[in-house]
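Trainee: Protein sequences, first through last, are from chains X and D. Counting from 4, one number per residue, gives the positions in the first sequence under my numbering. Counting from 98, one number per residue, gives the positions in the second sequence under my numbering.
Keep in mind that a hint or two might mislead.
Stated by the list, open to error - Have a look at the derived ranges for each label pair, beta carbon to beta carbon: (1) E524(D) x K245(X): 48 to 54 Å; (2) D198(D) x L273(X): 56 to 62 Å; (3) I272(X) x E524(D): 39 to 45 Å; (4) E286(D) x W7(X): 30 to 36 Å.
Said to hold, decoys possible - Calculated Cβ distances over 12 Å to all of chain D for the following chain X residues: (5) G37; (6) L76; (7) S193; (8) G253.
Derived from the structure by calculation, the hints contain no laboratory data. Note that this is a predicted model, so its numbers are computed, not measured. Glycine residues also receive a C-beta, built at the ideal position from the N, C-alpha and C atoms.
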Amino acid sequence: MSEWLFRIVINGAMISALYALIAIGFTMIFGVGGVLNLAHGALIMAGAYVFLFLTRTIFLEAVALPVLVAVPLTVAVVAGLSYGLYVGLVRYVEDDVVITFLATVIVATALTELVLGTLGDQPYDFTVLAGTTAVLGTTVSYTELLGFVVSWFAIGLLWYYVTQTDGGRSILATSMSERGAHLTGVDVGSVRARTWLIAGGLAGTAGIFLVGGDPSATPLMWLHPLALAFIIVVIGGIGSIKGSIVAAYGIGYLETLTVELLGQGFRGILSLVVLVVVLLVLPQGLYGREFVHG
Amino acid sequence: MTNATNNTTGPSKNSKSSVGRRAFLGTVGSAAVATTVAGCIEGRGGAGASGPLTIGHLAPLEISQGLGSDRSAKLAVDEINDDGGIADRDVEVVSANTRADPSTTHSETERLIQEEEVDVLVGTFSSEATQAILDLVGETGVPFLITGSAAPTSITEFIGQDYEGYKSVFRSGPINSNLQAEAMADYAEYLSDLHGWSSYGFLADDAAWTKPFSNLLPDKLESRGFDVVHEDRLSLGIDDFGPVVSDLSSADPDAVFRFFAHIIGGGLLGAWHQEQLEFGIEGIHVASMTPGFYEATEGAATYETTSQSGAAGVTDITDKTIPFVDAYQETYADDDDAPSLPMYMGFNTYDAIYVYKNAIERADTADYEGSLDDIVSALLETDHTGTAGQISFYGADSEYPHDLQETRDDDGKIANFPITQWRPEGEIECVYPEAYRTDDHVAPHWM
Chain X
4 MSEWLFRIVI
14 NGAMISALYA
24 LIAIGFTMIF
34 GVGGVLNLAH
44 GALIMAGAYV
54 FLFLTRTIFL
64 EAVALPVLVA
74 VPLTVAVVAG
84 LSYGLYVGLV
94 RYVEDDVVIT
104 FLATVIVATA
114 LTELVLGTLG
124 DQPYDFTVLA
134 GTTAVLGTTV
144 SYTELLGFVV
154 SWFAIGLLWY
164 YVTQTDGGRS
174 ILATSMSERG
184 AHLTGVDVGS
194 VRARTWLIAG
204 GLAGTAGIFL
214 VGGDPSATPL
224 MWLHPLALAF
234 IIVVIGGIGS
244 IKGSIVAAYG
254 IGYLETLTVE
264 LLGQGFRGIL
274 SLVVLVVVLL
284 VLPQGLYGRE
294 FVHG
Chain D
98 MTNATNNTTG
108 PSKNSKSSVG
118 RRAFLGTVGS
128 AAVATTVAGC
138 IEGRGGAGAS
148 GPLTIGHLAP
158 LEISQGLGSD
168 RSAKLAVDEI
178 NDDGGIADRD
188 VEVVSANTRA
198 DPSTTHSETE
208 RLIQEEEVDV
218 LVGTFSSEAT
228 QAILDLVGET
238 GVPFLITGSA
248 APTSITEFIG
258 QDYEGYKSVF
268 RSGPINSNLQ
278 AEAMADYAEY
288 LSDLHGWSSY
298 GFLADDAAWT
308 KPFSNLLPDK
318 LESRGFDVVH
328 EDRLSLGIDD
338 FGPVVSDLSS
348 ADPDAVFRFF
358 AHIIGGGLLG
368 AWHQEQLEFG
378 IEGIHVASMT
388 PGFYEATEGA
398 ATYETTSQSG
408 AAGVTDITDK
418 TIPFVDAYQE
428 TYADDDDAPS
438 LPMYMGFNTY
448 DAIYVYKNAI
458 ERADTADYEG
468 SLDDIVSALL
478 ETDHTGTAGQ
488 ISFYGADSEY
498 PHDLQETRDD
508 DGKIANFPIT
518 QWRPEGEIEC
528 VYPEAYRTDD
538 HVAPHWM
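Looking at chain D on its own, in the form it has when it is part of the complex:
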């Protein structure tokens, strides 16, 4: 409001204006004061407020994951509005394009908070972008549910260091990459039981999100009795997989775990098929989560696996998973820009909006400026059956405050970390964990 008043006090270039400058200033000024006062009296939002609740959605909207998340957010909001809204208030979603760039993410977040006056933020795809806005989120206190980025440091180095300063920050999915590394090691045990594989290679993007895998996974594999025969971090600008393939061939692992989000592993997959390299390709490959990836690689994706929240909707993780994917596909059947699957971030964003809805209805307020503690406690009480699994948060005193809790099966293995595999003819099967498995993992036919 002060900005609005300040802007109009600048020298006017239009002296012929029929409205006198002084009169104009007076009108704008009093209007500004009036709205400021009104704002103070009403507070922002609140269960008693009547205006719509606004959800700010942050994602890179030029990439499929961001678009899937955007459409999933809109689907959730449409469903909620059809069902009476949140605490009887209508809901709207404002989507901002972060371009996966930290500074764009920061300015867009400022815009969402100050101009769009959002009541909650959901999203962010890259961990670098997430961390660029945590100070801003902490200062304003706007609730923020992370749905696309997995770096543990987004929790441990912010809310983990200064709980009061960052208490409005939650992550409703995916599980952080420290936990993912543990799940990967469990998955290696499954591969060993199934195929007798005992030696593994390790490749990763040279980026922040893969550091937990680099730091933890090789040790975890070795402590389970496996050999780690090759480890490398790859330059993001890699244009020649020849040396990597040579190294892997001479190290001769049974499977290689690769963690690619920035790098597109098409070149590796091509060499793998053409040279019939004798190892499995496992781990995380973000490009491979896009529904068209099999066709785009001329089938070179066959037999590779990737972990992804929601397991591409091929298995009923909960009773909401498949209905959500069906509703998504039905809603966006004619939308050329919408990816044909919500993908991992779509599942997480859709769930986050319901988590927020339930918390606001428990807290009986959405006014984070006046009642943030009520909203935070309500969020901490979350025990929500989402589309990607059961959602509850770690408590304030835990190692990962407000982070998504992993779910575990009867053997203590992490369960909310499903792994899918591309099959010949472009089918997708969920191969891990056992609870959600649609088919066992298949080794490449040449092995």
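Just chain X, same shape as in the assembly:
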């Protein structure tokens, strides 16, 4: 019994940490700019492929960087891509929700075509850190453990930034009330651009540890994380970082429990049921109050 319990605790913690990484960037962008960034999944995919490109010789003979260099480099590249996406495209269309929605979908599908065109549909896999260990009797890989640590490290950094620095507090302020932020002298444009940069970094990190874990890198791998981010963000409360973390763990553990009790075939179904219930009963989500229309 205790072994069974530990297994759920450990397996759930590993996958939930990943889900938190997937969802936070998505919720931040929505909170700050009111933009539903449907290219968020594509940025996660970019993280996986950039890491693959930097660490494997199958693409370019010359580059095969050690993991210690490749991880931060990948995060920086994807953060840059995300920043570029905002500054180069979204900034000009963000006032129109529908256009933004469509523009970000187009970016995602264009990236799919780019991957298909250059690498084909071949699924790729990698491990970030080889080896496994037992935690409370449950075997976990070093990659998963590292993902867990990095996830909390990133959350800690983000928390520090958002609550303890002026730059970060202006992000929080903008997500609470854009008009209020304007009135207190916050440069909303630069806040948004910074938010996209941070969200991109988180998405890139998620991409590395997602494919470093179980799913393979494929041209359509962005769909599932995007759907997950949606579910988590709606349950947590749109725009709330704390809500996203709580909901990520809620969904992660719910899926792990479902799999243990009902079987693998039911994996995603209960999350959708919870999503519907939350939409009906608690439409603002668990911590939805940080977000006030400006």
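Chain X is already provided as a structure; the job is to place chain D on it using the hints.
Mentor: Then chain D, alone, in the frame of chain X:
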């Protein structure tokens, strides 16, 4: 033709057109009538017809299996044309991208039949896509040779229920998954003889094609005296193999049979190697049939097996297998989009085109609108040595009418279901059946 006439009767927006609308309509209308009448007189195709025969190829062209099949079809057609065509007529192939999606497959099939006026259809990768077009195929009577999907219901619930309605439907490969399940159980016996393995786990995509395996394989294994210690169907959106690995570790099978076409088993393979899990991974894994899979998984595919028609061309199933793979590689050496191997669907599609050629030459007509029965009887007479094995069809009164017959060895074991294994350094060996074996199955080095 009626469509063409109807379209032109709509109100013209261009009143400045130098050609009078009435005159234009008259010309188009009479042309339409003329071609319709001509069509009636000549019939479609027929041995006496002179135009080229058109083969419609259906496959998802963004995935490797579909591309391998497309290139194999083109190779077969080029060879046939170099050799004088089919019944002295040139052959051309029109490839349509089904995206493995039933509704796209349906609209593309309509286009091939009505606009491209194909004489035969070959292909379809997913069983869901296959079944979406069977009514259309049945209504038009166009011969259809299935080459990529294995669900038995594509036969039993269509031509098996209404022979006249679906008699133009054949499957020239692979053998259906009821027969595959039997072959898998035979393979388990081989593993037991070789390694002493006696307990098995079972995992499958939660999709239509794996149902026969779920329904049949565990019972077949138990009736052969083996234990089935774990059974699970996996959600197609699985992103965490942790619980699966935990379950397998505690069930402790000697080998796990997994049937993955939608799921990519990379995560399972990674855990298998890193944790040195004490079981073999056997069964079917479509992603693992792509030539680059070993490299793409950083070698995590080592020791896993998958069944695949044609056995990746590593063994001479027939005297045509290896020459075909050589010709394929030579032809597409400079084609960056072409996979470096035809893969299972490529073998089957290549064979299907020769099966059709031979049948048309026996029937002395390709006119399915006028002489479908002649074409069907000619196809039923098929006894063709293909690249993936000997091809003949089950008869009209059998359990699987027009389905590919399994071939059996002297012990009565199914033979046209080869299984390949990835080896260290990325080599592929054919490990089963005995007749085509290039090397014995190897257990993971940590077992």
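Trainee: Next step is simple, just say for each hint if it's right about the structure.
Mentor: Now for the hints, and whether the structure bears them out:
A beta carbon spacing of about 52 Å between E524(D) and K245(X) agrees with the range 48 to 54 Å that was offered as a hint. Between D198(D) and L273(X) the beta carbons are some 27 Å apart, a value that contradicts the proposed interval 56 to 62 Å. Taking the beta carbon of each, I272(X) and E524(D) are about 42 Å apart, inside 39 to 45 Å as hinted. Range check, E286(D) to W7(X): about 35 Å between beta-carbon atoms, so the 30 to 36 Å window is met.
No beta-carbon of chain D is positioned within 12 Å of the beta-carbon of G37(X); the least distance is around 29 Å. Every C-beta of chain D lies more than 12 Å from that of L76(X), the closest at about 19 Å, which supports listing it as non-interface. Listed as outside the interface, S193(X) is consistent with that label: its C-beta sits roughly 35 Å from the nearest C-beta of chain D, beyond the 12 Å cut-off. Non-interface status of G253(X) relative to chain D is upheld: no Cβ of that chain comes within 12 Å, the nearest being about 15 Å off.
Checked against the numbered hints given earlier, the structure breaks only hint 2 and satisfies all the rest.
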